[in-house]
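Enquirer: FYI, in my numbering the residues of the sequence shown are 894 to 1046.
Just so you know, the hints here were simulated from the structure itself, not pulled from any lab data.
Hints are supplied without guarantee of correctness; some may be wrong.
Stated by the list, open to error - Pairs of lysine-lysine, BS3-like flavour, derived with a Cα cap of 27 Å:
#	residue 1	residue 2
1	895	1008
2	979	1008
3	962	979
4	962	1030
5	1003	1030
6	962	949
7	965	1030
8	1030	949
9	1030	899
10	979	895
11	899	965
12	965	943
13	1030	943
14	895	1003
15	949	965
16	895	965
17	949	899
18	1030	1008
19	1008	962
20	1008	899
21	979	899
22	943	979
23	899	962
24	899	943
25	943	895
26	979	1003
This one's a predicted model, so the numbers in the text were calculated from it and none came from an experiment.
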Amino acid sequence: MKLSTKGRYGLRALIDLARYSEEEPVSISSIAARQDISEGYLEQLMALMKRAGLVKSIRGAAGGYVLAKSAKEISVGDVLRALEGKLEPAECAAFHPEKGCKASANCVTKYVWQKINDSINQTVDEIHLNELVEESKVLGENEENTEKACSRK
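Kindly generate the complete structure, drawing on both the sequences and the hints.
Expert: So this is what it looks like as structure tokens:
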């Protein structure tokens, strides 16, 4: 399975939003600057995530975006499905009766595709935004310590 920039950038943006929106809404421009994503593209991604019920927009001078629910309640799978659609690396017609697969009755490979699909979905559904926020804080602290150590030399 290969994720597009929608999935990759959108997940980065949502982790950023979760990290910085605890006190107040976060502007598109601040997320874009920290994540090096164009504002126009980020607006498109936020619209998709808003439609999926992951974020809310707040209007006004102090407006921006906030999470629509707790970071503990949003999985990586929720984000990726909102941006990418189904996460099937192999779209097997045997699992989509409307597409009709002539070989379905005798096809053994459909079990391989189903196992891969289930594995991917289970993995992304077990990782939640709050875990990634905590990891980003640890990485940020490590980066700051490295910069401080390098500047002393």
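Enquirer: Under the criterion that the straight-line Cα-Cα distance not exceed 27 Å, is the pair residue 1030, residue 949 satisfied?
Expert: Distance of about 23 Å is within 27 Å: holds.
Enquirer: Hinted pair, alpha-carbon criterion (27 Å max): residue 1008, residue 962. Please report holds or violated.
Expert: violated (31 Å)
Enquirer: Would the hint linking residue 979 and residue 1008 be met if the CA-CA limit is 27 Å?
Expert: OK: residue 979 and residue 1008 at ~15 Å, within 27 Å.
Enquirer: Sort out whether residue 943 lies within 27 Å of residue 899, counting only the CA atoms.
Expert: Since the Cα atoms of residue 899 and residue 943 sit roughly 14 Å apart, the hinted pair holds (cutoff 27 Å).
Enquirer: Taking only the CA atoms, is the gap from residue 899 to residue 962 under or equal to 27 Å?
Expert: At roughly 21 Å apart (the allowed maximum being 27 Å), residue 962 and residue 899 satisfy the hint.
Enquirer: Next pair to validate is residue 895 with residue 1003; report whether the Cα-Cα distance is within 27 Å.
Expert: holds (20 Å)
Enquirer: Does residue 1030 sit within 27 Å of residue 965, going by the straight-line distance between their CA atoms?
Expert: holds (16 Å)
Enquirer: Checking one constraint from the list: CA of residue 979 to CA of residue 899, max 27 Å. Satisfied?
Expert: holds (13 Å)
Enquirer: Is the Cα-Cα distance between residue 895 and residue 1008 27 Å or less?
Expert: holds (17 Å)
Enquirer: If you draw a straight line from the CA of residue 962 to the CA of residue 949, is it 27 Å or shorter?
Expert: holds (9 Å)
Enquirer: Is the straight-line distance between the alpha-carbon of residue 949 and that of residue 899 27 Å or less?
Expert: With a Cα-Cα distance of about 18 Å, the restraint between residue 949 and residue 899 holds, given a limit of 27 Å.
Enquirer: Starting from residue 962, check that the Cα of residue 1030 is at most 27 Å away, please.
Expert: holds (20 Å)
The structure does not agree with the numbered hints 5, 18, 19 stated previously, though it agrees with the rest.
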